[in-house]
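There are 2 protein chains.
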Amino acid sequence: MIHVAVLGYGTVGSGVVEVIETNKKDIEKRAAARLNIKYILDLRDFPGDPYESKVVHDYNVILNDPEVTVICETMGGVHPAYEFSRQALLAGKSVCTSNKELVASHGPELISIAREKHCNYLFEASVGGGIPIIRPLNYSLTAEKIDSITGILNGTTNYILTKMDKEGADFEEVLKEAQEKGYAEKNPEADVEGYDACRKIAILSSLMCSKNVRYEEIYTEGITKISAADFVYAKQMNKSIKLLAMSRDKKEGFFAMVAPFMISRTHPLYSVNDVFNAVYVHGNMLGDSMYYGRGAGKLPTASAVVSDVVDCARHPGKTVMCFWENEDVKVADIESDQGKFFVRVKSGQKEEALAAFGSLAEINVGIAEEFAFMTQVMTEKEFNDRIEKIGGCINRIRILSA
Amino acid sequence: MIHVAVLGYGTVGSGVVEVIETNKKDIEKRAAARLNIKYILDLRDFPGDPYESKVVHDYNVILNDPEVTVICETMGGVHPAYEFSRQALLAGKSVCTSNKELVASHGPELISIAREKHCNYLFEASVGGGIPIIRPLNYSLTAEKIDSITGILNGTTNYILTKMDKEGADFEEVLKEAQEKGYAEKNPEADVEGYDACRKIAILSSLMCSKNVRYEEIYTEGITKISAADFVYAKQMNKSIKLLAMSRDKKEGFFAMVAPFMISRTHPLYSVNDVFNAVYVHGNMLGDSMYYGRGAGKLPTASAVVSDVVDCARHPGKTVMCFWENEDVKVADIESDQGKFFVRVKSGQKEEALAAFGSLAEINVGIAEEFAFMTQVMTEKEFNDRIEKIGGCINRIRILSA
Chain A
8 MIHVAVLGYG
18 TVGSGVVEVI
28 ETNKKDIEKR
38 AAARLNIKYI
48 LDLRDFPGDP
58 YESKVVHDYN
68 VILNDPEVTV
78 ICETMGGVHP
88 AYEFSRQALL
98 AGKSVCTSNK
108 ELVASHGPEL
118 ISIAREKHCN
128 YLFEASVGGG
138 IPIIRPLNYS
148 LTAEKIDSIT
158 GILNGTTNYI
168 LTKMDKEGAD
178 FEEVLKEAQE
188 KGYAEKNPEA
198 DVEGYDACRK
208 IAILSSLMCS
218 KNVRYEEIYT
228 EGITKISAAD
238 FVYAKQMNKS
248 IKLLAMSRDK
258 KEGFFAMVAP
268 FMISRTHPLY
278 SVNDVFNAVY
288 VHGNMLGDSM
298 YYGRGAGKLP
308 TASAVVSDVV
318 DCARHPGKTV
328 MCFWENEDVK
338 VADIESDQGK
348 FFVRVKSGQK
358 EEALAAFGSL
368 AEINVGIAEE
378 FAFMTQVMTE
388 KEFNDRIEKI
398 GGCINRIRIL
408 SA
Chain B
8 MIHVAVLGYG
18 TVGSGVVEVI
28 ETNKKDIEKR
38 AAARLNIKYI
48 LDLRDFPGDP
58 YESKVVHDYN
68 VILNDPEVTV
78 ICETMGGVHP
88 AYEFSRQALL
98 AGKSVCTSNK
108 ELVASHGPEL
118 ISIAREKHCN
128 YLFEASVGGG
138 IPIIRPLNYS
148 LTAEKIDSIT
158 GILNGTTNYI
168 LTKMDKEGAD
178 FEEVLKEAQE
188 KGYAEKNPEA
198 DVEGYDACRK
208 IAILSSLMCS
218 KNVRYEEIYT
228 EGITKISAAD
238 FVYAKQMNKS
248 IKLLAMSRDK
258 KEGFFAMVAP
268 FMISRTHPLY
278 SVNDVFNAVY
288 VHGNMLGDSM
298 YYGRGAGKLP
308 TASAVVSDVV
318 DCARHPGKTV
328 MCFWENEDVK
338 VADIESDQGK
348 FFVRVKSGQK
358 EEALAAFGSL
368 AEINVGIAEE
378 FAFMTQVMTE
388 KEFNDRIEKI
398 GGCINRIRIL
408 SA
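Chains as they are written, first to last, in the numbering used here: chain A, 8 to 409; chain B, 8 to 409.
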């Protein structure tokens with residue numbers, strides 16, 4: 008019998024209980040053990056809830072119970088989740104988490120404690136919700152040298168951009184609707200500014216490098232400047248606009264970025280719409296592969312947490328494979344990264360733009376006051392210098408190379 | 008040090024050697040052991056090949072060498088691959104295979120021997136080439152009850168259908184071109200008649216059920232009757248035509264089928280083109296997820312075989328999780344399966360068709376001699392009875408429900 012404690016009885020935490028209840032027979036077969044939810048830690052009481060009697064308010068009850076060997080940390084936030092996870096691991100209890108902030112900020116330390124204490128710190132649910140991506144990276148692509156990861160990692164922004172694309176609506180309008188429907192938070196900053204996607208690509212990049220990619224060093228740009236007009240141009244070019252989180256292991260250095268990109272209709276990520284997420288991985292032997300599914304939501308995320316519980320149950324006293332050392336990766340300055348750009352300037356800037364950018368491809372959708380074009384490949388620095396020279400632009404969006 | 012033997016130095020076998028050579032450092036780190044390719048079994052000699060000295064012609068050399076603990080079976084075909092694999096497992100040597108015919112026909116027996124002998128029979132490369140799908144099903148979706156799998160599992164037919172869609176060409180024409188380019192075999196029957204996809208969906212279905220789905224019981228229809236005209240209609244309906252391999256665990260029974268389907272532009276499988284493959288999985292908690300990548304090819308397939316070698320290396324003396332019991336699943340008669348159909352009849356049959364099918368949706372693309380329509384949902388039996396009543400049809404294609 009594996010005794011499990013759930014920290015935080017909110018959306019994901021109650022989902023963990025529901026997943027275990029609903030699929031108990033199958034899960035126990037795969038875990039090769041019976042599962043018992045012994046405690047649920049929450050500040051609140053839940054009168055009338057079938058698990059009411061499991062609720063405790065003092066974490067020490069869980070920590071000091073030697074029967075509890077697996078803890079599901081579904082609290083979110085860095086504190087006190089960090090302290091709780093650390094204490095649990097030091098006591099030899101495995102921790103399965105959906106907490107991307109904590110994994111991105113303290114992952115290598117917690118993984119290293121787990122290794123010392125012969126238990127596990129697992130985080131399948133921290134990226135891509137229900138999409139199995141951590142385990143494929145750790146257990147499946149073991150014969151590969153992964154050199155690039157490109158992800159649609161935030162459901163809220165993908166929902167907003169999909170709506171803008173389909174309905175020709177503007178950002179503020181769609182955001183308001185998404186908030187009313189509960190698809191976006193009242194304070195949507197973490198999503199629309201790309202901070203959430205940044206944490207997630209930091210985690211994936213760290214696994215790709217087997218070292219620590221600090222999320223603070225990843226250039227991050229949100230979607231608040233994307234307008235209905237940008238989508239008119241995108242359509243004309245057979246493209247859409249997606250918020251991409253990416254990292255690239257190149258000869259010139261290790262690059263990572265979160266930013267809106269123009270993406271071609273033929274790219275598999277083009278069809279990833281609404282709240283769905285996807286991770287596109289390139290390895291030196293297998294080429295491109297993609298993992299697609301629900302990036303968030305109570306049950307998909309909880310299912311990923313429970314799959315970690317099964318992994319813990321099957322490996323008592325053993326740390327499963329995860330390479331993420333506490334040594335920082337040198338993230339290259341984005342200024343030296345290269346690509347093409349889509350640019351909109353005022354029609355009065357046309358001559359200057361032609362002079363500054365030389366060879367460019369005009370995109371005409373009949374907006375009289377504007378001159379829009381696609382540049383050649385150049386570094387971010389070269390691009391910024393030229394834009395500065397012509398006195399700025401209305402907007403510019405990077406273009407994903409195929 | 009793990010000593011490995013490779014059986015068959017053809018495309019995949021030489022790929023295994025190349026993958027291990029190219030990514031040796033990373034692979035050995037993940038395997039937590041050094042790897043040595045000790046023998047290569049082949050009928051031929053390979054003078055001048057860097058691995059010339061490893062080539063042996065007698066399997067007993069490998070079988071009787073206690074140092075060899077992992078065998079890569081990349082021979083293909085059922086015999087003598089079956090005898091070789093069985094002998095290896097009985098001797099406690101793990102086998103990693105790319106051989107879908109053998110896995111589909113003798114999987115449960117070989118898995119059960121591996122379990123008795125505390126070694127492994129692993130087959131990540133047998134389905135979807137470089138797409139990690141076996142390990143995600145076995146290790147990742149452990150909190151799920153999977154109720155449906157829909158796959159594009161054959162690269163040759165997907166290449167042909169993609170070409171037909173894009174170029175408006177007919178089947179025979181594209182097949183010939185594919186044969187000239189080496190994308191289709193001289194005898195293309197296994198691919199174009201759906202036999203290859205049938206073996207692969209039998210394997211995935213067996214893992215979904217944890218029991219044995221006999222490939223002989225899966226209704227299998229190829230793509231040889233699909234014509235350029237069918238794609239004209241498909242386009243009119245915003246659809247394409249794909250060879251799908253699917254299984255469904257329904258209240259009415261367990262259904263499995265390989266057949267061409269009309270598929271909507273909004274479905275993620277719609278964008279899986281050329282030689283790419285994808286597996287679309289529905290679980291009761293996480294909903295839809297998809298796994299996409301190269302379904303064949305030397306290095307992607309070899310990379311999957313080597314990922315199995317790593318798994319063996321990390322679990323010496325231990326059988327990793329795989330539920331596929333030697334108990335046959337009752338596959339329901341396709342006659343009771345339900346769906347919508349796209350149908351083309353001669354224009355003279357229009358009145359009869361209207362009478363026989365009642366409510367239907369006409370599809371008009373301006374082919375004067377034909378009357379084409381989409382039916383309501385009905386069973387295969389109901390459909391066949393009605394078609395028989397009106398004296399047959401020019402063609403009919405099932406429609407994938409969204």
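Since the hints were derived computationally from the structure, they do not count as laboratory data.
Just so it is clear, CB atoms sit at the ideal spot from N, CA and C, and this is done for glycine as well.
Heads up, a few of these hints could be off.
Claimed, not checked - Pairs of lysine-lysine, PhoX-like flavour, derived with a Cα cap of 20 Å:
| # | chain 1 | residue 1 | chain 2 | residue 2 |
| --- | --- | --- | --- | --- |
| 1 | A | LYS152 | B | LYS218 |
| 2 | A | LYS152 | B | LYS61 |
| 3 | B | LYS31 | A | LYS32 |
| 4 | B | LYS32 | A | LYS218 |
| 5 | B | LYS32 | A | LYS258 |
| 6 | A | LYS325 | B | LYS325 |
As the list claims (entries may be wrong) - Far from chain A by the CB rule (all over 10 Å, computed), these chain B residues:
| # | residue |
| --- | --- |
| 7 | ARG37 |
| 8 | ALA40 |
| 9 | ASP49 |
| 10 | LEU50 |
| 11 | ALA98 |
| 12 | LYS170 |
| 13 | LYS357 |
| 14 | GLY398 |
What the hints assert, rightly or not - Partial selection, computed: residues in chain B whose CB lies under 10 Å from chain A:
| # | residue |
| --- | --- |
| 15 | GLU196 |
| 16 | SER217 |
| 17 | ALA285 |
| 18 | VAL317 |
Taking the hints in turn, this is what the structure says about them:
1. With a C-alpha separation of about 35 Å, the suggested pairing of A:LYS152 with B:LYS218 is violated against the 20 Å cut-off.
2. Restraint check for A:LYS152 and B:LYS61: not satisfied, since their Cα atoms lie roughly 26 Å apart, outside the 20 Å limit.
3. Straight-line distance between C-alpha atoms of B:LYS31 and A:LYS32 comes to about 41 Å, which puts the hinted pair past the 20 Å bound.
4. Restraint check for B:LYS32 and A:LYS218: satisfied, since their Cα atoms lie roughly 16 Å apart, inside the 20 Å limit.
5. Between B:LYS32 and A:LYS258 the CA atoms are separated by roughly 18 Å; this keeps the pair inside 20 Å, and the hint holds.
6. For the hint pairing A:LYS325 with B:LYS325, the CA-to-CA distance comes to about 13 Å; that is within 20 Å, so the pair holds.
7. The beta carbon of B:ARG37 sits about 4 Å from the closest Cβ of chain A, which is not more than 10 Å, so the claim that it is off the interface is violated.
8. Interface exclusion of B:ALA40 from chain A stands, the closest Cβ pair being 12 Å apart, more than 10 Å.
9. Chain A leaves B:ASP49 outside its interface by the beta-carbon criterion, the shortest separation being 22 Å against a cut-off of 10 Å.
10. Interface exclusion of B:LEU50 from chain A stands, the closest Cβ pair being 27 Å apart, more than 10 Å.
11. Separation of B:ALA98 from chain A is adequate, the least Cβ-Cβ distance of about 25 Å exceeding the 10 Å criterion.
12. Listed as a non-interface residue, B:LYS170 keeps its Cβ farther than 10 Å from every Cβ of chain A; the least gap is roughly 15 Å.
13. Interface exclusion of B:LYS357 from chain A stands, the closest Cβ pair being 36 Å apart, more than 10 Å.
14. Once the 10 Å rule is applied to beta carbons, B:GLY398 is consistent with being away from chain A; the minimum gap is 40 Å.
15. Violation of the interface hint for B:GLU196 is found here, the shortest Cβ-Cβ separation to chain A being roughly 28 Å, above the 10 Å cut-off.
16. For B:SER217, the interface hint holds, since its Cβ comes within 10 Å of a Cβ in chain A; the closest pair sits about 8 Å apart.
17. For the restraint placing B:ALA285 at the interface with chain A, the shortest Cβ-Cβ distance is roughly 8 Å, inside the 10 Å limit, so the hint holds.
18. At about 4 Å, the closest approach between the beta carbon of B:VAL317 and any beta carbon in chain A falls short of 10 Å, and the interface hint on this residue holds.
The structure fails hints 1, 2, 3, 7 and 15 (numbered hints given earlier, in ascending order).
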